[in-house]
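Okay, here's what each chain looks like letter by letter:
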Amino acid sequence: MSAATNETAVTIPDGWARRYAGLVRHGFGLLGSVLLTFLGLTCVTFIIGRVIPIDPVTAIVGEKATRSTYERVFKELSLDRPVYEQYWIYLKKILHGDFGNSLLTAHPVLSDLLHFFPATVELSLLSLIFGVCLGIPLGVTAATHNGRWPDQIVRFGSLLGYSMPVFWLGLVGLLVFYAKLGWVEGPGRIDVAFDDIVPTVTGMITIDSLLAGEDEVFWNAIGHLILPASILGYLSLAYVARMTRSFMLTQLRQEYVLATLAKGLSPFRVVWIHALGNVWVQLVTVIALTFGSLLEGAVLTETVFAWPGLGLYMKNSLFSADLNAVVGGTMLIGVVYIVLNMLSDVIYTLVDPRARARK
Amino acid sequence: MSASPLRTGAPTGWRGWLLEPAPASRGQARLGRWYRAWLGFRRNGPAMTGLIIVAALVLVAIFAPVFANHDLAFTQVLEDRLQDFSWLHPFGTDELGRDIYARVVFGSRVTLTIVGLVSVIVLPVGLAIGLPAGYFGGWIDSVLMRITDIFLAFPRLVLALAFAAALGPGIENAVIAISLTAWPPYARLARAETMTRRHAEFIEAAQLQGASSFRILLTQIMPLCLPSVIIRLTLDMAGIILTAAGLGFLGLGAQPPLPEWGAMVSTGRAVLLDQWWVATIPGTAIFIVSLGFNLLGDGLRDISEARSG
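Respectively, the protein sequence lines represent chains A and B. First residue of the first sequence? That's 1290 in my numbering, and the numbers climb one at a time after it. First residue of the second sequence? That's 539 in my numbering, and the numbers climb one at a time after it.
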């Protein structure tokens, strides 16, 4: 091991070796914390699925099951073993992608999740695009007009955004834009007439219909998507604009801003290229977190808009006491959360030399 | 005690006593500090609006029977179902003929109960994890903060949903589920505040006098952490209310016939297109209250930042 490091130290310049070693060490640290968090996630879902319910067997077989069925399921869940052994078995199953079967759909939970997840991703991605494309310029404008009316409007608008119950906003939106004005399509992902026309490739109807060249289906899908996506997008906009504003305020107070202005660069260039350029790194983290919270908001929005995604699937499973499905959905969203956090950390390290030096 | 004769228009009476530059007692100094903070707070319009909304919520919840008729909120009058606005029913009636105004008024009790219980659980848990982590450092810190990070890495509503699903629907379980997901930021905050004070001289003085770690944490460090933790809690209240309402909307919060605002929105969905008020009025109540907490929290944070910065 030491010989290898000596060799690299000889062949590449010293600065590189140090930088490289720092990155590798940071990478291992990150991987370790990701694995730990994942273990924690499995622990919590294990507790939710197996430990809290007083009788998980009855939850699956129902109260009228015969003695032998009950005992078979009892064995299948390995409830006759000690808890730590149960957890080990549970962990092995999860790593093999086995979340058990859903009671509601009778399919394996994993295939259900893969079926419903693209709809949620489609909705949250479009919302995120809304939020980022509008939120960042608004946040920057608020920062450059600190204390004056554009700032007041942006601050008030984002305050409204994170004070609003998303399900209520969804209902009001449906009432106004669908029922009264008729500007958008109603609940669901697509009109019944267009069901099953386009072959499933990505699971996102808008992309699939474009791939199949079905314009009419595409526009219908957009009509259904636009309202829930704007409503979720408004919530992410509120958060993104607020964070952008506060990051930008810190940057604009720095001396380099004064220096670049004194050198004669246009204020536009200084704000949008130099100052915003330094903020991007922090914004990556915010955007990753926003995407995570969008998945969360999706549970409520999907319920309101009858959007057949992960959220609606989890909600329906809740009411048929289908814990396998609920736990599976929680796992999936949790894993997406962890991966997003990790990605933002990686990007942070790659983009910002100061973050590398500190680690 | 006499006000300075040089400053014309200097406050006299109890205000002068509060603003005295050289307070005679510790109590006077403390009250004076609070009074100055209040004077700053009073100038902050949005924060005052928030305070008024929150105070109104508390008053309405306590004196609910004064503001609305208990019977109208709970008795089902099926021949009066889904009525429009009228003098008797200012916000109409719901699908079981109950007065929506009265139910919104009594629903404030449910909301306040949830918020109160969550704070009562979350504050001690956050402090109990954060204070030792920051004070002792080392492996205790590592272990406690790893646990905190794991909980922090979860999406809040989804985790609360899963807990509520496993525990069964109900207001107590909703409170437990929300608390389980809400404590980590407080642990982080308490740890950070503790670390900045761990090596202060008054802590060393207490250590030299033989005070136990527990005693130092409880009497020296905790009181200094409390203000920032409480401000954070006020800012979080809106989120807690929205999560609780979300759980209620999904049917996992307070169960009927309890008037929970989120659940009321949910029942109004069925008649949204014809009787829009059934779903929108309780939703407006959620919105106003969460806005109030956000405004109040922002204002409190502004004050604390102005003081420290």
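Hints may be right or wrong, so weigh each one.
As the list claims (entries may be wrong) - To give an idea of the interface, some chain A residues facing chain B are shown, with a C-beta separation under 8 Å as derived from the structure:
#1 Ile-1337
#2 Val-1461
#3 Leu-1463
#4 Phe-1466
#5 Ala-1468
#6 Leu-1470
#7 Trp-1472
#8 Gly-1475
#9 Asn-1605
#10 Leu-1607
#11 Tyr-1626
#12 Val-1628
Quick caveat, the hints were computed from the structure, so don't treat them as lab data. Beta carbons: idealized from backbone N, C-alpha and C, even for Gly.
*When the least beta-carbon distance from A/Gly-1475 to chain B is tested against 8 Å, hint result*: Check failed: Cβ of A/Gly-1475 comes no nearer than 10 Å to chain B, outside 8 Å.
*Holds or violated: is there a CB of chain B closer than 8 Å to the CB of A/Val-1628?*
Given a least distance of 11 Å, the restraint on A/Val-1628 is violated.
*Does the nearest C-beta of chain B fall within a distance shorter than 8 Å of the C-beta of A/Leu-1607?*
holds, 5 Å
*asked:* A/Tyr-1626 was flagged as interface toward chain B. Is the shortest Cβ-Cβ separation under 8 Å?
replied: holds, 6 Å
*Do the numbers back the hint for A/Ala-1468, that is, is its least Cβ distance to chain B under 8 Å?*
At 5 Å from the nearest chain B Cβ, A/Ala-1468 passes the 8 Å test, so the hint holds.
*Grab the minimum C-beta distance from A/Trp-1472 to chain B and call the hint holds if it beats 8 Å, violated otherwise.*
violated, 15 Å
*At a threshold of 8 Å, is the proposed contact between A/Leu-1470 and chain B supported by beta-carbon distances?*
violated, 13 Å
*How about A/Leu-1463: closest beta carbon in chain B under 8 Å, or not?*
At about 7 Å, which falls below the 8 Å cut-off, the nearest Cβ of chain B leaves the hint on A/Leu-1463 intact, so it holds.
*Taking the least C-beta to C-beta distance, is A/Asn-1605 closer than 8 Å to chain B?*
Interface hint status for A/Asn-1605: violated (10 Å vs cutoff 8 Å).
*asked:* Please check whether A/Ile-1337 passes as an interface residue: C-beta within 8 Å of a C-beta belonging to chain B.
replied: holds, 5 Å
*Against chain B, run the beta carbon of A/Phe-1466 and see if the smallest gap drops under 8 Å.*
With a closest approach of 13 Å, the A/Phe-1466 hint is violated.
*Taking the closest Cβ pair, is A/Val-1461 under 8 Å from chain B?*
holds, 6 Å
Comparing the model with each earlier hint shows violations of hints 4, 6, 7, 8, 9, 12; every other hint is respected.
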